[in-house]
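Chains as they are written, first to last, in this note's numbering: chain V, 2 to 340; chain C, 2 to 340.
Just so you know, the hints here were simulated from the structure itself, not pulled from any lab data.
Any given hint might turn out to be false.
Under 8 Å between C-beta atoms, here's a sample of chain V residues computed to sit facing chain C [stated by the list, open to error]:
#, residue
1, G30
2, E32
3, L93
4, D125
5, Q132
6, L136
7, S140
8, L145
9, A162
10, I165
If we take Cβ atoms under 8 Å as the criterion, some of the chain V residues that face chain C in the derived model are [said to hold, decoys possible]:
#, residue
11, H95
12, V98
13, Q114
14, V117
15, T119
16, I121
17, C122
18, A126
19, L147
20, T154
21, A166
22, V171
23, I173
24, G174
25, V175
Derived SDA-like pairs (lysine to any residue); straight-line CA-CA distance at most 25 Å [as the list claims (entries may be wrong)]:
#, chain 1, residue 1, chain 2, residue 2
26, V, K209, C, Q133
27, V, K209, V, E323
28, V, K57, V, L229
29, C, K250, V, Q114
30, V, K57, V, P74
31, C, K209, V, L136
32, V, K250, C, P31
33, V, K57, V, S26
34, C, K209, V, T28
35, V, K57, V, Q114
36, V, K209, C, L136
The C-beta atom is built at its ideal place from N, Cα and C for all residues, glycine as well.
Protein chains: 2
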Amino acid sequence: MNAPPIPARLERTRDLIMPVMAAASATLGPEMRRAAEFHWGWRDEHGRAIEARSGKALRPALVLLSAEAVGAPAARALRGAAAVEIVHDFTLIHDDVMDEDTERRGRPTVWSQFGVGTAICAGDALMLLAQQVLLGDESPHRHLALLELCDATQAVIAGQALDIAYEGRVDIGVDDYLDMASKKTGALLGCSAALGAILGGAETDVVKSLRGFGSSMGLAFQAVEDWLGIWGDPDRVGKPAASDLRQRKASLPIVIGMSTPGAAGEAIRRWMTSNEPADAAGIEAALKSLEATDAERLTINRARRELAGALVHLDAADIADEIRKELSELATFVVERSL
Amino acid sequence: MNAPPIPARLERTRDLIMPVMAAASATLGPEMRRAAEFHWGWRDEHGRAIEARSGKALRPALVLLSAEAVGAPAARALRGAAAVEIVHDFTLIHDDVMDEDTERRGRPTVWSQFGVGTAICAGDALMLLAQQVLLGDESPHRHLALLELCDATQAVIAGQALDIAYEGRVDIGVDDYLDMASKKTGALLGCSAALGAILGGAETDVVKSLRGFGSSMGLAFQAVEDWLGIWGDPDRVGKPAASDLRQRKASLPIVIGMSTPGAAGEAIRRWMTSNEPADAAGIEAALKSLEATDAERLTINRARRELAGALVHLDAADIADEIRKELSELATFVVERSL
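For reference, chain V alone in the conformation it holds in the complex:
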């Protein structure tokens, strides 16, 4: 299937939040600012301005749509939109330290460029900066918005800690995986979809439906990412083929594979706990075993089932119809773009 065109909303959002992020970044200490703006692709390693690469800005786009969904102008949610993006950046910078990943989006990660200490400080500063951006909002609903952002950020941290706790274990089931992914990925997307409505002064039940929509969309998104981590086209994904098998990362298809009885499951469990280096022959054999299980079909099914669940939440939300349509298209895009 050809990838559908990227919704204009995603392209536009980064331009909208950029001034908020730039003003916030200017309040940071020089070491943290250099690291953050390098991470964002605004500056090279010497601090010189470079042409910014525009990422997807999915989370802030959800925040702005969420405000419009309850009849508030998107501008009222700009600080919320910048805050969720900054939280996301904090998690990427710290995750890269913990996972010892040296490259992200084709550039060195913050720790590999500036050292582990500076990367830890930069992540700390960004997590707090997100709070400060939202604290500076004039909305009467600011306090509720802060509670929402804090809860989601704690969930993301808890999800990352679970992910670490799962390392090297072959007894992780699909439910364990979903618990982890709903925290690590679902929570911040759920918060994003709720935050605009909160800042727009929406009722609790609308907020709850939108949060449910974002959270299920997050799980669907993660399932697709995990599918790409095994079967994605290396040229398009920017990672080697079967990357997660190579890295022995317990993604959804691999967890499904490890939970499969019989020889194929056993081969995957052996691969995941092996201390042998991941050579091409080993990866190919592990991939064959994984494909002998039902992991690929079940992973795609999971993505589509969570997407369907997201749309049920969306239908239940008492929001403007044109925004419902746009949110629905966005969620569908995020899930179907690569399948």
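With the hints as your guide, set chain C onto chain V.
Structure of chain C alone, referenced to chain V:
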């Protein structure tokens, strides 16, 4: 000089904030809670309750006194008191990762017990938990208090990043050091001394004087810590003799030594940039060079000068006289206890 008795206030404060910290900790994910309660000395590495060691609780004691200073009951500042202590714990846990320190207060550090990943997550979770504790305060001045806590926490992070940036440099002057220490240590003590007054609804100028008091006290405190890091009695400090020379840590006396012209200064600069292992003979020679400069006297002078500055701020504050006396005694205790 004999160490003066520990003020009763410090002993009492930990009991007061303990229930707030315990309730907050119970909201964390299990990995982070285990790490935090291990760090606090409430639990052993298996999560079993042990007899809690009571630390100094200097920062929360300042918060409670700061509320009483402006005529508010200490109870009104309990969440603020717990929040500054939790911020302090976040910084300790992350600093230990960055400095690769394996021991703190005679026990393993969080990263050396639970791994780097879990320690980073635990620090992240605690920084955010401090915000959440304060967000849960019912005070009409909660928003101002949050701004104060965020500013101070950003300053602490910026100070730690500077500390890292200074590593291996011999051109750090006393002003650079004071800039770093006023952020890394002064800011959170300044915030502590301000926060109770803010939560108690005090006027801006009272808050400012109290913040100045705490901040100068923080610099004085750090100068004493740095003196102890060279000349402290190993049995009382719990570190080897001349510990900061051994670790080649650019503390205040060492920065003073490195800035001293002549042979002694040159010997210290050579020691600090040497790649040789720190053997007993080398440490003793470096200590001799350091003592040939005026570093010890100037370090003690700096501590006493900052203490005097703190007391000037305190005198300027329009607060209850009996609390002024208690704050003054506390600051004097903190500085003079070991000199």
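Query raised in the report: Which hint numbers does the structure go against, in order from smallest to largest?
Result: 3, 7, 8, 13, 22, 23, 24, 25
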